[in-house]
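Just so you know, the sequences run in chain order S and G. Residue numbering for the first sequence follows this note's numbering, starting at 4 and increasing by one per position. Residue numbering for the second sequence follows this note's numbering, starting at 166 and increasing by one per position.
Any given hint might turn out to be false.
Unchecked claim - Straight-line C-alpha distance at most 35 Å; calculated DSBU-like pairs for lysine-lysine: (1) G:Lys424 x S:Lys63; (2) G:Lys424 x S:Lys143; (3) G:Lys424 x G:Lys253.
Stated by the list, open to error - Just so you have them, the derived chain G footprint on chain S, three or more residues with Cβ under 8 Å: (4) 26-40; (5) 91-103; (6) 251-257.
Hints listed in this document are in silico derivations from the structure and should not be mistaken for laboratory results. On a predicted model such as this, the values are computed, not experimentally measured, just so you know. Beta carbons are placed, not taken as given, at the ideal position from N, Cα and C, and that holds for glycine.
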Amino acid sequence: MQTPISAQRAPGFWPLATVFALFVLFLYGPMITIFVLSFQGPEGGLTFPLRGVSLHWFHKLAEGLGTVDIGAAFRRSLALGAVVMGFTVVLSVLAGLAFRKKLTGSNALFFVTVASLIMPSIIISLGIGLQFRLLDTGIKSVLTAMDATSLLEGYGTALGLFSSALGAHLTWTLPFGLLIMFAVFNRFNPAYEEAARDLGATPWQAFRFVVLPLIGPSIVGIGMFGFTLSWDEIARTSQAIGDVNTLPLELQGLTSTVTTPSIYALGTVTTVVSLLVMALALGAAALLRRRAVRRP
Amino acid sequence: MNSSPAVEKLPGGIAAWWQAAPFALVFLLFFLVPLALVAMVSLWNFNEYELIPALTLRNYLSLFEGCSRLTDNGDLCVTLNTYLSTFKFCVLVWGITLLVGFSVAHFLAFHVRSSTVQTVLFVLCTVPFWTSNVIRMISWVPLLGRNGLVNQALMGTGLVNQPVEWLLFSDFSVVLAFVHLYTMFMIVPIFNSMMRIDRSLLEAASDAGASGWQTLWNVVVPLSRTGILIGSIFVITIVMGDFVTIGVMGGQQIASIGKIIQVQTSYLQFPLAAANAMILLAVVLMIIWGLTRLVDIRKEL
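If we strip away everything but chain S, and leave its shape as in the complex, we get (with noise of 0.2 Å):
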C-alpha cells in the first residue's frame, strides 16, 4: 500500500459513524421531546401536538401535584445532594491518598468498594433498611428497660434523610470517586511533591500546596459524579429511606398517577439541575485548571 493507512478512512468508517449518529438521537432525541412538551399549551396534553406554547404546566408543578409536596422533595434531594457530595470528595481523596501508600488490607478494601459498585441495588437497599429497623427495636427496647417513657414515645425511626438515604448514596458514589482517584494518582508524577518535601515542606504543606493544586480539576469531577449520582438515586434509597421522600421517589410514584405535563416540566426542570451541576463543574475545572498553569 502506497499511502499510510492512518491517512485515509478505515474501513466501515460511514457505517460506524451511521450508528453513532443515529445512538445519539437515541439517546437525546426522546429528552428533547419532553423537554419539548413542557412547554405545551394550559389545553395540550402528554403527547404531541402542541396546542400552543406556555408555562401553564411549570404553575401547576410549583402548586404542587396531588399531594405531593414538590418543592419540599426538591430541598430535600438539593441537600442530600451537596451532603453526599461533601462527604464523596472527603473521603474519596483521603482514601486516594492512602492507597498510594503502603498500606494492609488496600486489596480487601478495593474489592469491597468495587462489590459494592456492582451488587444489585435493591440487596442493599433491603440490607440497609432492614439494618436501621433492627437499630429501632433495639433502641427501643434499651429505652423500654430503662423505663425512659418520655424518650421512647418521642422516639420515631433511626432511619433518615441524613442517617440511611446519606449511607445508602454513598455506598453508590464512593466507588466512582475512588476509581477517579486512582485515575489521577496513575498519572500522577510524584517527583513535584518528593521535591517539596526536600525542600523542607511538612507532609499537610506538600499536600496543600502542591498535590491539591494539580489533582483539583479531578476533584471537581469527584464533586459532580457525588451530586449528580445522588441527585437521581433511586433503587438504593427505596427501602433505606423511612417517611420522607427524595424528589427522584416522589417522581417514580408520580408516573402512574400524573396524566398531565406536569411530569414533563418536572422532568426539565431536575434535568436542567443536572445540567447546571456538569456545567458548573466543567467551568470550575477550567478555571482551577488555568490558575494551576498561571503559577509561577
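Here the structure of chain S is known, so what remains is to put chain G in place on it, guided by the hints.
Just chain G, lined up with the frame of chain S:
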C-alpha cells in the same frame, strides 16, 4: 525516598491507615453489616408483628414451594418463572448493549482522529448518565404511547389501521429503556480497553493481509475483552436486580426478582425478602464467575 522509583509505593504507617479509615467505615456500616444482616435474617422466622430470631429454612423453602413440578396450567412456579423472565431481559439487553456499545466505542477509538473531537463525542455519550433515569424512561411516553409519535407516523403512512399497543408498557419498552439507560456502561470500559491497544498491531495485521473483519475479530475483540467483561458485569447485575425500569416501563405489570424483593420489603416481610436477596446474590455471583471463566478460557485458546 529519593532513591525509590516512582512505581514503588510510598511508606504507609499510621497516616495511611487514618486516611483510609473513614472510607472503610462507610462500607463497613452501610455495605458489609447490612449484607451480613440480610444473610442472618433470611434464616429467621417471622409473624405478622415481629421478626423472630430463630433459625429456620422456612423462607427458602417457601420460595421454592411447588417448584418441583409444573402447576395445573403447565406453568413453572412463581420464583422460577420470574427468574426465567429476568434472564430473558438479561440476555436481550446484554446482547444489544454489547453490540451497540462495541460499535460506538470502536467508532470513537479508531475512527475519530482528532482527540478534541473524540473527547467531545465521548462526553456527548456520557452526559445522559448524569441525568435522571426515571425522566429518561418517561421521555419515551410521548413517542411510544397510543397517540404517540410512532403510532401517529404508522397510522399516517397507512401501515396500520389501529394504534400499535405493544410499543409501551410491554417487554419491548422495558428492553428499549434498558438499552437507552445502560449502553453507557458498555461504551466506557470497552472504549477504555480499545484506547490501550497499540495501533501498530492493527497496521501489522493489515500488512499481513488480514481483512477488516479478521483484524476486528482476531485483534480488536480479544484485546478489548477486559472492557467487554467489565461492561457485561455492569449491565447484567443491573438488569438482574432491577425493579425501577421494569416497574415504570412495564406499567407495573411485569414481574422481576427486584420487584418481588421490593414488595416483600414494603410489607415488612423481611425474612422472605432477605431469602430472595440471598438467592439473587448467589445467581449474580455465579454469572460473574462464569463470565470471568469465559474470558480466561479465551486467553488460553
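So, going through the hints one by one against the coordinates:
Among the hinted pairs, lysine 424 (chain G) with lysine 63 (chain S) is consistent with the structure: their alpha-carbon atoms are about 32 Å apart, no more than 35 Å. For a cut-off of 35 Å, the pair hint linking lysine 424 (chain G) to lysine 143 (chain S) stands: about 31 Å separates their Cα positions. Taken as a hint, the lysine 424 (chain G) and lysine 253 (chain G) pair is honoured in the structure, with Cα atoms around 16 Å apart against an allowance of 35 Å. Taking a C-beta to C-beta cut-off of 8 Å, the region 26-40 of chain S contributes 11 residues in contact with chain G, enough for the three needed, and the coverage statement holds.
Note: the region 91-103 of chain S has 9 residues with beta-carbon separation from chain G under 8 Å; the three-residue rule is met and the coverage holds. Here's how the region 251-257 of chain S fares: 3 of its residues keep a CB closer than 8 Å to some CB of chain G, so the rule of at least three is met and the hint holds.
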